[in-house]
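Chain by chain, the residues:
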Amino acid sequence: MHPALSVIIFTVSSGAGLGLIVLAALFGVFQIGGGLTPNESFWAGLLGLLLTTVGLLASTFHLANPKNAWRAFSRFRSSWLSREGVFAVLLYPFALFYFVLAWQEAAPNWLLACLGLLTALLALATVFSTGMIYACLRTMRQWNTSLVPTNYILMGLALGAVILTTVLTITRGPALEAATTLTLMVLIGAGLGKVIYYFWIGEPRGPTINTATGFTRGAVRLFESGQSSGNFLNKEFGFQPSASLVGKLRLAVYGLGFVIPIVLVALLIANEGGFAFAFIAVLSAFAGIGIERWLFFAEARHVVNLFYGQQHT
Amino acid sequence: MSTLPQFENHARQDKKYTTCYMCACRCGIEVTLEDNQVRFIRGNRNHPVNQGVLCAKGNAGIMKQISPAKLRNPMRRKPGTERGAGEFEEVSWDEALDLLTERLRTIRATDPKKLAFFTGRDQMQALTGLWAQQFGTINWSAHGGFCSVNMAAAGLYMTGQSFWEFGDPDWDRTKYFMLWGVAEDHASNPIKIGIEKLKRRGAKFVSINPVRTGYQAVADEWIPIKPGTDGMLALSMAHVLISRELFDWEFLVRYTNAPFLVVQSPGQQGDGLILRNEEGKPLVWDNEDEEFLDGLQFGISPSLFGEYRTADGRSVKTVMTLMAEKYLDPRYAPEAAAKVCGVPAETIERLALEMAHVAFRETIEVDCEWTDWEGRKHDKFIGRPVSMHAMRGISAHSNGFQSCRALHLLQILLGTIDCPGGHRAKAPFPRHTPPPIKPARDTAPNTPLASPPLGFPMAPEDLVIDAEGRPLRIDKAYSWEAPIANHGLMHMVITNAVNGDPYPIDTLIFFMANMAWNSTMNSRDVQDMLRAKGEDGEYKIPFLVVVDAFHSETVNFADLVLPDTTYLERFDAISMLDRPISEPDSPCDSIRQPVLEPDRNVRPWQEVMVDMAGRLGFPAFVDEAGNPKFTGYTDFIARWEKAPGIGFLAGWRGENGESHMRGAPNPDQWQKYIENQCFFQYHLPEHMRFYRFANRDYLDWAKEVGFNASNEPIVMKLYSEVLQKFRLAGQGLYDGPQPADPTDKKRLVDYCDPLPDWYLPLEESRIDADEYAFHAVNQRPMHMYHSWDSQNAWLRQITAQNFLYMNRKRAEEMGIEDLSWVWVESHNGRIRVQVKHMEGCQRDTVWTWNAIGKQAGAWGLDADAPEARRGFLMNHLISELLPPADGERRLTNSDPITGQAAWYDLKVKISPAAPGEVGSWPEFPAMRGLPGTAESPAELRYHTHEAVNLRRSFKDVLTRK
Amino acid sequence: MRLGLVIDLDTCVGCHACAVACKQWNSSGTTGPLTDYDPYGAEPSGVWFNRIRNFEVGDYPNNKTVNFPMSCMHCETAECVTVCPTGASYKREEDGIVLVDQDKCMGCNYCAWACPYGARELDESSGTMKKCTLCVDRIYDEELPKEERKPACVLTCPTHARFFGDLDDPDTEVSRLVRERGGFQSMPELGYNPTNHYLPPRPTRPVEQERRPQISLQEKIKEWMGRVVEK
Ligand SMILES: Nc1nc2c(c(=O)[nH]1)N[C@H]1C(S)=C(S)[C@@H](COP(=O)(O)OP(=O)(O)OC[C@H]3O[C@@H](n4cnc5c(=O)[nH]c(N)nc54)[C@H](O)[C@@H]3O)O[C@H]1N2
Ligand SMILES: Nc1nc2c(c(=O)[nH]1)N[C@H]1C(S)=C(S)[C@@H](COP(=O)(O)OP(=O)(O)OC[C@H]3O[C@@H](n4cnc5c(=O)[nH]c(N)nc54)[C@H](O)[C@@H]3O)O[C@H]1N2
Ligand code: SF4
Ligand code: SF4
Ligand code: SF4
Ligand code: SF4
Ligand code: SF4
Ligand SMILES: [Mo]
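The listed protein sequences correspond, in order, to chains A, B and C.
Under our numbering, read the first sequence as residues 100 to 412, first letter to last.
Under our numbering, read the second sequence as residues -16 to 944, first letter to last.
Under our numbering, read the third sequence as residues 2 to 232, first letter to last.
Bound conformation, chain A alone (with noise of 0.2 Å):
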């Protein structure tokens, strides 16, 4: 797959800020190692909606029609683009409501812990959509896993986390304890997330050129392709990387997303660095997870490639 930057851009962007929004509305409706302050709340809650909306608005950047987008929101019912839509819109109410009482202390506790348990289900559900915007797809076998929404929520609350951590470094509010030992947990778990998905992509299966051909006995060999030169589905489909540059992307996925933010997190337990440290984790992991998103789509094969001379996907 060719990997389009803007929707680099949405699904990172946007499950940082999701997974910001999720932390900061539990830690809030739960008292997590004391709670978060109103200020912290406030200001976790309006980093996360920040995050979010530019990731958005990044996603619109591919659409060769934007005047139609409003469309999207209408096919709910079947598809996954359209229900990660309604989601987020829906949240914005209830995340602006509960992060603005809570930040003002304006409105009796059952009711900010209603607003705050939707808020984070509304995210949660969100950036599981976004996964399963591609998890659905039958046609890129590196997709068509549960893996992948389950890796978009773990990285989601990984860069949520290592964010919220930071305010907190700022603010030296009461859960910074909590919050940097999730963090660790959460980081820990993602990257592991992330070791069983590229050992599951790794072994082949799915459709090959002898069942999209019907030619199952036999060497099938594309002969010609019947064009002269590349056409939308080639641009759309046929980017591959080579396996050294996926090799060495994969490691810097593990030591800038993982590795390196983990040993800061780490090191802020031990009462290490602070604010500093915990900055460069959240630039460490962005870049980590971003580089991740990438691989996410080159990796991805289309099984249109079989037309074009691939042997399998």
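Since the hints were derived computationally from the structure, they do not count as laboratory data.
Where a beta carbon is used, it is the ideal one built from N, C-alpha and C, also for glycine.
One thing to keep in mind: the hints can contain errors.
[As the list claims (entries may be wrong)] Pairs of lysine-lysine, DSS-like flavour, derived with a Cα cap of 25 Å:
no.: 1; chain 1: C; residue 1: 223; chain 2: B; residue 2: 309
no.: 2; chain 1: B; residue 1: 209; chain 2: B; residue 2: 322
no.: 3; chain 1: B; residue 1: 523; chain 2: B; residue 2: 96
no.: 4; chain 1: B; residue 1: 655; chain 2: B; residue 2: 612
no.: 5; chain 1: B; residue 1: 180; chain 2: C; residue 2: 65
no.: 6; chain 1: B; residue 1: -2; chain 2: C; residue 2: 92
no.: 7; chain 1: C; residue 1: 92; chain 2: B; residue 2: 819
no.: 8; chain 1: B; residue 1: 625; chain 2: B; residue 2: 686
no.: 9; chain 1: B; residue 1: 792; chain 2: B; residue 2: 209
no.: 10; chain 1: B; residue 1: 938; chain 2: A; residue 2: 166
no.: 11; chain 1: C; residue 1: 65; chain 2: B; residue 2: 209
no.: 12; chain 1: A; residue 1: 166; chain 2: A; residue 2: 347
no.: 13; chain 1: B; residue 1: 944; chain 2: C; residue 2: 92
no.: 14; chain 1: B; residue 1: 792; chain 2: B; residue 2: 938
no.: 15; chain 1: B; residue 1: 728; chain 2: B; residue 2: 309
no.: 16; chain 1: B; residue 1: 363; chain 2: C; residue 2: 147
no.: 17; chain 1: C; residue 1: 65; chain 2: B; residue 2: -1
no.: 18; chain 1: A; residue 1: 334; chain 2: B; residue 2: 819
no.: 19; chain 1: B; residue 1: 61; chain 2: B; residue 2: 516
no.: 20; chain 1: C; residue 1: 232; chain 2: C; residue 2: 221
no.: 21; chain 1: B; residue 1: 360; chain 2: B; residue 2: 686
no.: 22; chain 1: C; residue 1: 92; chain 2: B; residue 2: 938
no.: 23; chain 1: C; residue 1: 223; chain 2: B; residue 2: 180
no.: 24; chain 1: B; residue 1: 655; chain 2: B; residue 2: -2
no.: 25; chain 1: C; residue 1: 147; chain 2: B; residue 2: -2
no.: 26; chain 1: B; residue 1: 264; chain 2: C; residue 2: 232
no.: 27; chain 1: C; residue 1: 147; chain 2: B; residue 2: -1
no.: 28; chain 1: B; residue 1: 523; chain 2: B; residue 2: 61
no.: 29; chain 1: C; residue 1: 232; chain 2: B; residue 2: 686
no.: 30; chain 1: A; residue 1: 166; chain 2: C; residue 2: 92
no.: 31; chain 1: B; residue 1: 96; chain 2: B; residue 2: 625
no.: 32; chain 1: C; residue 1: 65; chain 2: B; residue 2: 792
no.: 33; chain 1: C; residue 1: 221; chain 2: B; residue 2: 309
no.: 34; chain 1: B; residue 1: 728; chain 2: B; residue 2: 819
no.: 35; chain 1: C; residue 1: 232; chain 2: B; residue 2: 180
no.: 36; chain 1: B; residue 1: 360; chain 2: C; residue 2: 151
[What the hints assert, rightly or not] Facing chain A, a subset of chain B residues (Cβ under 7 Å, in silico):
no.: 37; residue: 782
no.: 38; residue: 783
no.: 39; residue: 940
Let chain A serve as the given structure and place chains B and C with the ligands on it in line with the hints.
Positioned in the frame of chain A, the structure of chains B and C with the ligands alone reads:
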């Protein structure tokens, strides 16, 4: 939700019928027009040729019509600029025609030969030929000489019908079909229709071809033969058949010259000639009466085999005896042939025996009373359902004439000529073997030729040479170098004219031929020749006129460019006097009518020819007073008569269109054609549909309508006395013209075998076959026509670059990687091309799609078009001359008998290009754009009306699960 | 009703006629124009609904060439429709034809991602997704003569390798062909259940060989001399 779309508005549309000319197949089309634009071109269901279907080219007519390469105005080479620099200035038609007619008038008044007029892809040779004849120049021919004259000549001298466009397998009845060397051919749609028919009926389809694409892809059996060896394969099958007495005795005795007696007097005059009586009638030995009898009469019982002595003591043998002696020789045994053809001996034997089984054990019968030429009544037609088709894989070799004769020999042995399930002639064929027309020889100022420029020599006397034996035609057709060059040698015209050999010419007219590029051998040198000047600083070809519709590579070299219309903008008559579109059961012809107004200052060439014929006062075109007789092309076609009652169009003749085939001219004939969807189809009564070479009613009718000069039966000539006469001339045993040059003598002796034979292709016999290890051939892409279709925005998306295709294993053995660049070298030059591996390619063969490579800037394409940067022509490797041999003048790279261009004799060696060496080579300077032509558009959104979108209701969007 | 195409790989010679006929008809039609990019330049390309590819099966000399036309299969389980967020893509209930409403499409390419058969191509100039319409504007157009109410590609195919009809009705030609000739679907394992089917090459008809003894030339000629055949 609304289920029916709002359909397009047919009220705004207009449907007209005409004839496609995206290629030479000439299918019937229905053109839907909207606002004087083409909305849709559809195959005409009622049309005999395509029966409703349409090929990729035909479907892309719209893109031809809007091609940016269309010529817009007559143009003259800018005074003071060099030929080939492509600098033109537009001139008016009056200027252009005055200029040309004056020049031609002088030539015609002095030495008409100095006009050479050669045509390419046109299908109006009857008119261009008549024009040349009336002008008085023998230097005319169409493209047949570089195309497939080998097929036409072999067939017409042997069976009276031939492959190419002149006959068809009996698609509806054949049970065994063998396809020799055909990728596409002229009958593009009919062959496809036919192949589907026979596959549906469960007939077996065997393909003999070094490459497996297209038709071969769907063949039941594919025989990857070594190029240039088909003659041997066929003769080896003949060996198998004869050695097992698997031949049709009756057919041979009744319809062929197999029982004729041949004089055996080696080293003496008359050796190898047919024994004849006083009236010149061929003699046979009658087994009943035990005496020599006139072999043409019936009721006798000639012996098919035997050796006898004449009263004067000469030994004579029947043709069939000679054949048995020749073909039973071990040289033709499958084991020997296998080594030559690369086809296993078992396969050769099996194929022959399979054909024999189908011919003799799966015989079919068509119940129908008919009368043979002897008046004998029959109640059925016996069919031997084995059929063949063959084309350039056979003909484009220097042994193609004899190889094609070998195929006909097989057909005759199996008795499958013009019978149910066999190979059937299309009117005006069958004709006599050969038709009694002699090529014109003598020219004189202001006098038409006594006969057409092209004809069928029967003996050395008929050659077009002077008293000293020098060629009289600029292409040296009908000279010792190419004695029965029935279609001329278009591929030699430029070379010979530039060498002034046999003489210099003044004006050269090319019509519809891309002779500076894909249609010529040795393209690069030919371009230099077109620029060549003599000491006097004059061009060696003083005046070059190009009549074309598009900006081709040849247009670039013109001194005068006459822009033609497109096929949708003009009237055309596709005549039975010309290359027929007939079907076996029905003589047919057709017309084109303009369906679009030209948006440019262009004229149909046929109009221009009729106009000039009037201006120049050609006898057939002016009245007694010398004034033009015809108001224009359509008037000429309607009124001109070849013989009383016979004209270009056979339908609706007679004052009121009451008589078909023959009848007085009909002023409303064109209208009648238009009313009948632009074609005419005459259905032969069933009893005239088979065995027409000996079918009494058919033969009488064919004479009546002017197909044949006589109603005598057509005798198939397994043994060619014509060839034997040329061989005798070579041996110095002929009392008549004989060659002086030892080279000519040797060639006549070596190649003019009166019985079909096989010899190594000439180029191969002169180069180091181990060094140049590969045969290099071409294929027609089904979706493109020669050079025309690179200007077609739809078709070029399918193929804008060609590759050199190679057998994968062989390439890997040589370390040549898929898609790598290689140097390909022949005795004549080298090119750099990109390789593509494939399975379906014979190991010693490489091939490419024909005519994809283009000169940068031609055809309205950007200079960096793949056609110019990565595509290529094999033509640069192919020389029009054979590799030199000492003590010998340079000879044409053609069949030594017919002069057919030997394109596929090419042998090459292949070596990887150095790293970084990419892109095709040679590179040519980009051609200049033409005055008055706009930049080619960067995007096309062709449509004739806004699309009628099919809406989905919002309710459905929201409610559907 | 389940309208679709059946394509006969036994007779398809890969001539591209169907692809160009499709291009021609649909250049106006219901989703036209089908934009062509750089039509006379270095990388000519454009929107097509039907493309023909050639494959080679087996190794030389036991290789067979197969020509493989592909257009929208009008799948039963048309995931392209399921995933479309705007509802522009839809499968008609009455005949199963899968279409794109050009007024609703936002050009997100998601449906193309979901299509295994490369049947959908984005028109960059209109910004909308385009695909085979099964010539819905021909097959129902009562102003066309009955025998012309077929897809352009079917009408034009010189080897009659393309058949159009209702694959739900067991009595139609298409259903019969699929039954009798062992018609198959491309990539059935993906579960899209394509309506279009392909007919595999027919098995070759075995032809007997005519067996006759071979005798020496001298004997033969002797034996053959004097054989009486009435002329
Ligand atoms: N679409 C399309 N149709 C055309 C044309 C076109 O340009 N495009 N051109 C028209 C013209 S002018 C002509 S002459 C005809 C020609 O039509 P074809 O006779 O089909 O000519 P080619 O395409 O040259 O195909 C020659 C075939 O013979 C094979 N071959 C080469 N050498 C040998 C050999 O030694 N033995 C055997 N058995 N096979 C061999 C090649 O692999 C190829 O398949 O097509 C006409 N029709
Ligand atoms: N290497 C190689 N070379 C070959 C062959 C091969 O197999 N291999 N095949 C040979 C054979 S068989 C042939 S027949 C020749 C074909 O060669 P040509 O007969 O030259 O055919 P084209 O290349 O199509 O060139 C025909 C010219 O006619 C012009 N034209 C098209 N339509 C019209 C029209 O309506 N009016 C006019 N006035 N002009 C028009 C085109 O613009 C083009 O310039 O190529 C030969 N060259
Ligand atoms: S074969 Fe194709 S291009 Fe040639 S005349 Fe027929 S439809 Fe036109
Ligand atoms: S038109 Fe027919 S034969 Fe030609 S490619 Fe299409 S399906 Fe095959
Ligand atoms: S072929 Fe592709 S576009 Fe057509 S219905 Fe199936 S999935 Fe959708
Ligand atoms: S591109 Fe258009 S049709 Fe395809 S999914 Fe997006 S909106 Fe739907
Ligand atoms: S059915 Fe119509 S739209 Fe679909 S491929 Fe055939 S011609 Fe094109
Ligand atoms: Mo030709």
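Hints, one by one, checked against the model:
Between the alpha carbons of residue 223 of chain C and residue 309 of chain B the distance comes to roughly 16 Å, so the proposed pair stays at or under 25 Å and holds. Annotation: proposed proximity of residue 209 of chain B to residue 322 of chain B holds, straight-line Cα distance about 10 Å (limit 25 Å). Restraint check for residue 523 of chain B and residue 96 of chain B: satisfied, since their Cα atoms lie roughly 16 Å apart, inside the 25 Å limit. The straight-line distance between the Cα atoms of residue 655 of chain B and residue 612 of chain B is roughly 23 Å, inside the 25 Å bound, and the hint therefore holds.
For the suggested pair residue 180 of chain B and residue 65 of chain C, the alpha carbons sit about 21 Å apart, so the restraint of at most 25 Å is met. The straight-line distance between the Cα atoms of residue -2 of chain B and residue 92 of chain C is roughly 33 Å, outside the 25 Å bound, and the hint therefore fails. Only pairs whose Cα atoms come within 25 Å are accepted, and residue 92 of chain C paired with residue 819 of chain B is rejected, the gap being roughly 41 Å. For a cut-off of 25 Å, the pair hint linking residue 625 of chain B to residue 686 of chain B stands: about 14 Å separates their Cα positions.
Between the alpha carbons of residue 792 of chain B and residue 209 of chain B the distance comes to roughly 17 Å, so the proposed pair stays at or under 25 Å and holds. Taking the CA atoms of residue 938 of chain B and residue 166 of chain A, the gap is near 20 Å; set against the 25 Å cutoff, the hint holds. The suggested pairing of residue 65 of chain C with residue 209 of chain B holds, with an alpha-carbon distance near 18 Å, which does not exceed 25 Å. With a CA separation close to 40 Å, the supplied pair residue 166 of chain A and residue 347 of chain A exceeds the 25 Å bound.
Between residue 944 of chain B and residue 92 of chain C the CA atoms are separated by roughly 11 Å; this keeps the pair inside 25 Å, and the hint holds. Taking the CA atoms of residue 792 of chain B and residue 938 of chain B, the gap is near 60 Å; set against the 25 Å cutoff, the hint is violated. A distance of roughly 23 Å separates the Cα atoms of residue 728 of chain B and residue 309 of chain B; the hinted pair therefore holds under the 25 Å criterion. Pair hint residue 363 of chain B plus residue 147 of chain C does not hold up; C-alpha atoms about 39 Å apart against a cutoff of 25 Å.
As the CA atoms of residue 65 of chain C and residue -1 of chain B are separated by approximately 42 Å, the hinted pair breaks the 25 Å bound. For the given pair, residue 334 of chain A sits about 22 Å from residue 819 of chain B by alpha-carbon distance, which is consistent with the 25 Å threshold. The hinted pair formed by residue 61 of chain B and residue 516 of chain B meets the criterion: a straight-line CA distance of about 17 Å does not exceed 25 Å. Restraint check for residue 232 of chain C and residue 221 of chain C: satisfied, since their Cα atoms lie roughly 22 Å apart, inside the 25 Å limit.
With a C-alpha separation of about 21 Å, the suggested pairing of residue 360 of chain B with residue 686 of chain B holds against the 25 Å cut-off. Restraint check for residue 92 of chain C and residue 938 of chain B: the C-alpha separation of about 15 Å stays at or below 25 Å, so the hint holds. Of the pairs offered as hints, the one joining residue 223 of chain C and residue 180 of chain B is violated, with about 44 Å between alpha carbons and a cut-off of 25 Å exceeded. Taking the CA atoms of residue 655 of chain B and residue -2 of chain B, the gap is near 17 Å; set against the 25 Å cutoff, the hint holds.
In summary, the hint linking residue 147 of chain C to residue -2 of chain B is supported, as the alpha carbons are separated by about 17 Å, within the 25 Å threshold. The straight-line distance between the Cα atoms of residue 264 of chain B and residue 232 of chain C is roughly 16 Å, inside the 25 Å bound, and the hint therefore holds. Restraint check for residue 147 of chain C and residue -1 of chain B: satisfied, since their Cα atoms lie roughly 19 Å apart, inside the 25 Å limit. At most 25 Å may separate the alpha-carbon atoms for a hinted pair to count; residue 523 of chain B and residue 61 of chain B meet this at roughly 19 Å.
With a CA separation close to 24 Å, the supplied pair residue 232 of chain C and residue 686 of chain B stays within the 25 Å bound. With a C-alpha separation of about 23 Å, the suggested pair residue 166 of chain A and residue 92 of chain C falls inside the 25 Å cut-off, and the hint holds. Annotation: proposed proximity of residue 96 of chain B to residue 625 of chain B holds, straight-line Cα distance about 24 Å (limit 25 Å). Under the criterion of a C-alpha separation no larger than 25 Å, the hint pairing residue 65 of chain C with residue 792 of chain B is consistent with the structure, at around 16 Å.
Between residue 221 of chain C and residue 309 of chain B, the direct Cα distance comes to roughly 14 Å. Compliance with the 25 Å bound is thereby established for this hinted pair. Distance check on the hinted pair: residue 728 of chain B and residue 819 of chain B sit about 44 Å apart at the alpha-carbon level, beyond 25 Å; violated. Distance check on the hinted pair: residue 232 of chain C and residue 180 of chain B sit about 36 Å apart at the alpha-carbon level, beyond 25 Å; violated. A threshold of 25 Å between alpha carbons decides the hint, and for residue 360 of chain B with residue 151 of chain C the separation of about 48 Å lies outside it, so the pair is violated.
Of the supplied interface hints, the one on residue 782 of chain B holds, with its beta-carbon coming within about 6 Å of a beta-carbon of chain A, less than 7 Å. Checking residue 783 of chain B against chain A: minimum C-beta separation of about 4 Å stays under 7 Å; hint holds. With a least beta-carbon distance of about 5 Å to chain A, the hint placing residue 940 of chain B at the interface is held under the 7 Å criterion.
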